[in-house]
Structures are given as C-alpha cells and as structure tokens.
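Engineer: In case you want the letters, here they are:
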Amino acid sequence: AQTVTQSQPEMSVQEAETVTLSCTYDTSESDYYLFWYKQPPSRQMILVIRQEAYKQQNATENRFSVNFQKAAKSFSLKISDSQLGDAAMYFCASSGAGSYQLTFGKGTKLSVIP
Amino acid sequence: GAGVSQSPRYKVAKRGQDVALRCDPISGHVSLFWYQQALGQGPEFLTYFQNEAQLDKSGLPSDRFFAERPEGSVSTLKIQRTQQEDSAVYLCASSLYADSYGYTFGSGTRLTVV
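From first to last, the protein sequence lines stand for chains A and B.
Mapped onto this note's numbering, the consecutive letters of the first sequence carry residue numbers 984 to 1097.
Mapped onto this note's numbering, the consecutive letters of the second sequence carry residue numbers -16 to 97.
Treat the hints loosely; a few may be bogus.
What the hints assert, rightly or not - Pair ranges (Cβ atoms, derived):
1. B:Ser70 <-> A:Glu993: 38 to 46 Å
2. A:Asn1045 <-> B:Ala81: 26 to 34 Å
3. B:Asp39 <-> A:Pro992: 39 to 47 Å
4. A:Gln1039 <-> B:Arg(-8): 36 to 44 Å
5. A:Glu1035 <-> B:Gln33: 19 to 27 Å
6. B:Lys(-3) <-> A:Ala1054: 49 to 57 Å
7. B:Gln33 <-> A:Thr988: 25 to 33 Å
8. B:Lys(-3) <-> A:Asn1045: 40 to 48 Å
9. B:Ser41 <-> A:Glu1000: 37 to 45 Å
Said to hold, decoys possible - Chain B regions said to be covered by chain A (calculated; three or more residues, Cβ under 8 Å):
10. -5 to 3
11. 43 to 57
12. 64 to 71
Hints were generated in silico from the structure; no laboratory data involved.
Note that CB positions come from ideal geometry on N, CA and C, so glycine has one too.
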C-alpha cells in the first residue's frame, strides 16, 4: 500500500524566484518510483520529473529538481527561476516499480506573482 | 494521434441518467488507465487495460461503473444511473509499457451530475 501526503494546499512565488513544494510518502515496496505532475487549467496531467528510488542522485529537468530523502520518505520539488507558466496544481505521486497504478497526493496550488 | 484524446470535454447529466465517456489513446500504446479526480483531490485509480483485456477493475466504486476496450484501442467508461457523488473529472492515460513509468494523460472529461 502507498500513501502520499502534500501538506501545502497553496503556495505562491514571485516571478524569477525559487519555490519548494513538499511531499512525503509511505510505501511497503522495496523499489518504487516517485513523480511530480503538473495540472494546469486544461486539466491534462503533465509529467514534470520522476525519480527511481534506487538512484541516490536527485533527478533534474532544466529548472525543476527534486530533493529525495529516502530515509525520511521525503520528495520535494524545487522550481528555480519561476515563470508565469509554472502556475498550476502540482501533484506528487508514487508507484511500486513494475506496478501500473499511481497513488497521488491531494496537490499544491502554485501561484506565480508577476 | 499525437496525444490521448478524451470526449466529451464536459458532460452534464441529470441524476439517474446513463453516461459514456470516451478515451482515444496514443496509437500503439498497449496499456490504458482510467482515473477519477474529485474536486480538490488527486486522481484515484479506477481500472487498467492491457490491449483489450481488463486486468484490474478494483478501483471502480460501484457496479454502476463499467469500462471496455473491445478492440484494444478506444476505451469507453460507462456510468449507469448517475449519482451526485459521481461528479468528478475522469482522466484517461495510456502507456507503451505495462507499468507507471511512461503514462501520458488526456485532458479529462468533467462530469457534473445535477
């Protein structure tokens, strides 16, 4: 069984600044994946970044990076140089490696202030 | 097609009415998933298809929910005798693989039951 907790319902950031979104998880799987998805008003879930739990190195995708603390079961997303287009709902999700089912948190609404 | 296509984009149904929601996955994607996203929540798994076989329907909330994918491409999620608690966004995703690693989501259908 997997649970994902996002404790920040809303966050805001000034354009060009950096923001960190928090996520904690719990899992009984020995190997698993962690994801951050972005959901703009168009409703499509867009993959931002993913992390294989067996990899110690934190994943990075351009302005997006994660801080993966396996022992603490923490998986935060850092957005650098925030842009207006980053404004959206952000969902943290987990899955057992080889499993097809994603478990999502409740999301964090990110606002970007011009 | 280039992405996962869902129709209709919006559906308003009177309580007790039957509805059918369509998902057209990316060509060649063998795996197809349906998720339900209630207002203010993260998506929750409903069901999984591998080609035309429905391998997991454990997330369907009641026997009023039925999904099919008869030819291994287009899928339909049917909800009979809709209730107000069925109001949600229904998201479809497809993947080339049989795990969570390579999901592509559609933009969903927002169902409102009045």
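Engineer: Take the hints in turn and mark each one as holding or not.
Structural biologist: Taking the hints in turn, this is what the structure says about them:
Ser70 of chain B and Glu993 of chain A have their C-beta atoms about 23 Å apart, which leaves the hinted 38 to 46 Å range violated. Against the hinted window of 26 to 34 Å, the Cβ-Cβ separation of Asn1045 of chain A and Ala81 of chain B comes to about 29 Å, which satisfies the hint. Taken as a hint, the range 39 to 47 Å is violated for the pair Asp39 of chain B and Pro992 of chain A, whose Cβ atoms sit roughly 31 Å apart. Separation of Gln1039 of chain A from Arg(-8) of chain B is about 42 Å and conforms to the stated range, judged on CB atoms against 36 to 44 Å.
Restraint check, Glu1035 of chain A to Gln33 of chain B: a C-beta distance of roughly 23 Å satisfies the suggested window 19 to 27 Å. Hint check: Lys(-3) of chain B to Ala1054 of chain A, Cβ distance near 52 Å, so the stated range 49 to 57 Å holds. Checked against the given bound of 25 to 33 Å, the beta carbons of Gln33 of chain B and Thr988 of chain A, roughly 30 Å apart, stay inside it. The beta-carbon spacing between Lys(-3) of chain B and Asn1045 of chain A, approximately 46 Å, falls within the hinted interval of 40 to 48 Å.
Checking the proposed 37 to 45 Å range against Ser41 of chain B and Glu1000 of chain A shows it holds: the Cβ atoms sit about 43 Å from each other. Look at the stretch -5 to 3 of chain B against chain A: 0 of its residues bring a Cβ nearer than 8 Å to a Cβ of that chain, fewer than three, so the hint is violated. Given as covered by chain A, the stretch 43 to 57 of chain B fails the check, having 0 residues with a CB less than 8 Å from a CB of that chain where 3 are the minimum. Chain A is given as covering the stretch 64 to 71 of chain B, and this is violated because 0 residues of the stretch bring a CB closer than 8 Å to a CB of that chain, at least three being needed.
Of the numbered hints given earlier, the model fails hints 1, 3, 10, 11, 12; all others are met.
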